[in-house]
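Keeping their order, the protein sequence lines are chains A and B.
With full-length UniProt numbering applied, the first sequence closes on residue 329, and no number is skipped along the way.
With full-length UniProt numbering applied, the second sequence closes on residue 197, and no number is skipped along the way.
Worth flagging that the hints you see were computed from the coordinates, not collected in a lab.
C-beta: ideal position from N, C-alpha, C; glycine also.
Possibly wrong hints are sitting among the right ones.
Dumping the calculated BS3-like pairs for lysine-lysine here, alpha-carbon to alpha-carbon at most 27 Å [stated by the list, open to error]:
#1 A:K38 / B:K112
#2 B:K112 / B:K80
#3 B:K189 / B:K53
#4 B:K189 / A:K38
#5 A:K38 / A:K96
#6 A:K96 / B:K80
If the Cβ cut is set under 8 Å, some of the chain B residues that face chain A in the computed set are [unchecked claim]:
#7 D83
#8 L100
#9 T104
#10 A108
#11 T163
#12 F170
#13 Q183
#14 V185
Below, each chain spelled out in residue letters.
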Amino acid sequence: MQSFTYARASALPDVLAAISQPGGIILAGGTELLNWMKEGIVAPERLVDINGISGLDRIETADRGLRIGALARMSDVAGHEAVARDYPVIAEALLKSASQQIRNMASMGGNLMQRTRCPYFRAEIELPCNKRRPGSGCSALAGEDRGMAIFGWSEACLATHPSDVAVALAALDAVVQVASSHGARDIPFLDFHRLPDDAPERETVLEPGEVITAIEVPASPAARRSHYLKIRERASYEFALVSAAVGLELEGSEISDVRIALGGMAAKPWRLSAAEQALHGIAISDAAALRRAVDGAFGDARPRRHNGFKVELVKRAIVRALQTAGDIA
Amino acid sequence: MSPIEITRRALLEGTAATAMITALPDHGASAQQTPTGGAGESELMVRLQINGKTHSLDLDIRSTLVDTLRERLGLTGTKKGCDRGECGACTVHIEGRRVLACMTLAAAAEGKEITTIEGLADGDTLHPVQSAFIGHDAFQCGFCTSGQIMSAVACIREGHAGTEADIREFMSGNLCRCSAYPQIVAAVKSAAQIQGI
Ligand SMILES: Cc1cc2nc3c(=O)[nH]c(=O)nc-3n(C[C@H](O)[C@H](O)[C@H](O)COP(=O)(O)OP(=O)(O)OC[C@H]3O[C@@H](n4cnc5c(N)ncnc54)[C@H](O)[C@@H]3O)c2cc1C
Ligand code: SF4
Ligand code: FES
Ligand code: FES
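Model the full structure from these sequences, guided by the hints.
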């Protein structure tokens with residue numbers, strides 16, 4: 001590990017000033033950053049510890065929505081009574097993430113900034129990977145692609161985004177609030193993460209010098225009737241193979257509003273808007289109709305050699321998640 | 001030792017430390033840059049509160065808490081398994097919450113109350129969770145055990161030890177290579193009952 005300097009910030013303006021210069025990086029929970037540094041994936045010159053900034057970890061609920069400070073820990077958000085009641089998909093996604101130790105450390109801001117678990121990217125001895133070293137090639141193209149993306153990948157990178165709670169936030173139309181020394185801006189959640197195109201080393205639209213300050217989630221009946229279904233190869237403490245975050249509003253037994261976002265399918269949470277439209281007016285008890293509406297939304301799915309099974313798996317996950325949210329599974 | 005490990009070690013030791021700690025403008029931090037040694041090389045003075053005792057140490061800024069506990073303070077009860085946040089062997093409490101010492105920079109733990117397995121017993125009287133692990137044979141080789149116990153103490157305190165399913169879920173961050181899981185679950189369950197939780 002290359003050496004670095006370490007500084008503790010106790011106010012946001014100090015952080016903004018400190019990272020406006022190249023070579024500076026924020027330390028929140030450290031559960032990603034330390035791994036990257038040990039692996040040689042990044043070698044920052046200056047660590048700016050933001051854990052001492054008071055109020056940045058606040059979780060606030062109001063009638064119109066929820067505001068989660070960037071430094072709120074995953075375990076505290078998951079255990080927050082109003083979050084569990086009014087935004088269950090967020091609490092469930094968090095409780096199914098990592099382990100309690102990691103959730104106690106990891107911040108919500110850091111969670112959104114985590115990078116792919118592609119084994120080539122994380123290799124202890126560096127392998128060709130455009131994310132790790134732009135222009136070096138993609139080892140997954142001719143290699144192991146079982147866990148890779150179905151939607152939105154490019155020849156430059158096939159990787160998926162590993163965050164669970166990002167999928168829940170995408171389903172609920174959250175907004176990411178960011179600040180820099182030039183001011184503040186709001187980024188709609190679906191615009192926050194990037195598809196790889198020809199620059200897979202950039203996972204988000206966050207500009208150098210920008211800091212996430214909070215995540216805002218609007219309240220809605222669909223948020224209150226929401227659910228996260230995570231499919232993985234172990235019962236606990238494992239990243240998703242595929243996942244579905246759904247929110248549902250019913251009139252009688254008919255779907256009047258629905259949100260669907262998928263995890264493990266792309267370099268960003270994948271919102272299934274076409275299925276959302278097709279599901280309007282369908283009875284939640286009509287499993288065949290649910291499945292037809294979902295089927296119709298996979299026109300741009302592009303499975304590769306070994307990950308085609310994910311398409312069927314995620315379709316079933318969506319139907320099951322809808323049924324669970326609708327109290328009929 | 002595998003060639004991979006040699007490589008990693010070489011990387012870790014290869015670069016000279018040019019460490020320093022600073023407080024950002026106008027806001028205090030207790031840590032200070034304390035230049036020691038020769039040109040361009042400096043270590044960092046860090047004060048750690050561990051099991052009720054304060055330790056002042058000159059540290060390489062890159063030191064993790066697990067390495068500091070083990071290599072500098074001789075507190076080898078905390079184990080280092082994966083060093084990547086994956087196994088839970090290094091679980092300690094910071095401010096009463098269970099966290100991973102391999103994912104914590106020692107400098108970042110300054111000023112916080114740290115508890116390790118060595119700080120759990122009350123003199124010669126074992127903590128109820130320690131006794132429960134012995135009573136239920138909840139280990140074989142013992143490598144994961146201090147992490148399991150630190151995790152279990154917090155798990156019970158959090159109220160996540162009410163059912164076996166809860167225990168299994170909320171203890172999933174502690175892997176046991178010997179697979180003593182049924183005994184671990186039994187030990188945690190009985191300790192939670194003894195503590196009336
Ligand atoms: C073994 C293991 C299992 C895991 N399993 C899961 C899982 O199942 N599901 C899941 O979703 N995640 C999982 N994770 C990932 C975990 O959730 C992330 O590591 C964590 O959320 C990162 O947050 P942090 O605060 O520790 O970030 P840090 O490591 O402190 O930072 C990560 C990055 O984010 C940047 N950053 C941090 N805060 C901000 C901010 N406010 N503004 C801008 N940039 C910022 C940092 O500069 C750094 O680049 C797992 C991790 C491990 C180690
Ligand atoms: S899929 Fe992306 S992250 Fe994985 S090796 Fe290819 S470029 Fe790297
Ligand atoms: S050594 Fe820290 S989790 Fe494995
Ligand atoms: S007792 Fe051997 S690893 Fe758990």
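- Query: Honestly, which of those hints from before does the structure not fit?
  - Reply: Checked against the structure, the hints that fail are numbers 3, 4, 11, 13 and 14, while the rest are satisfied.
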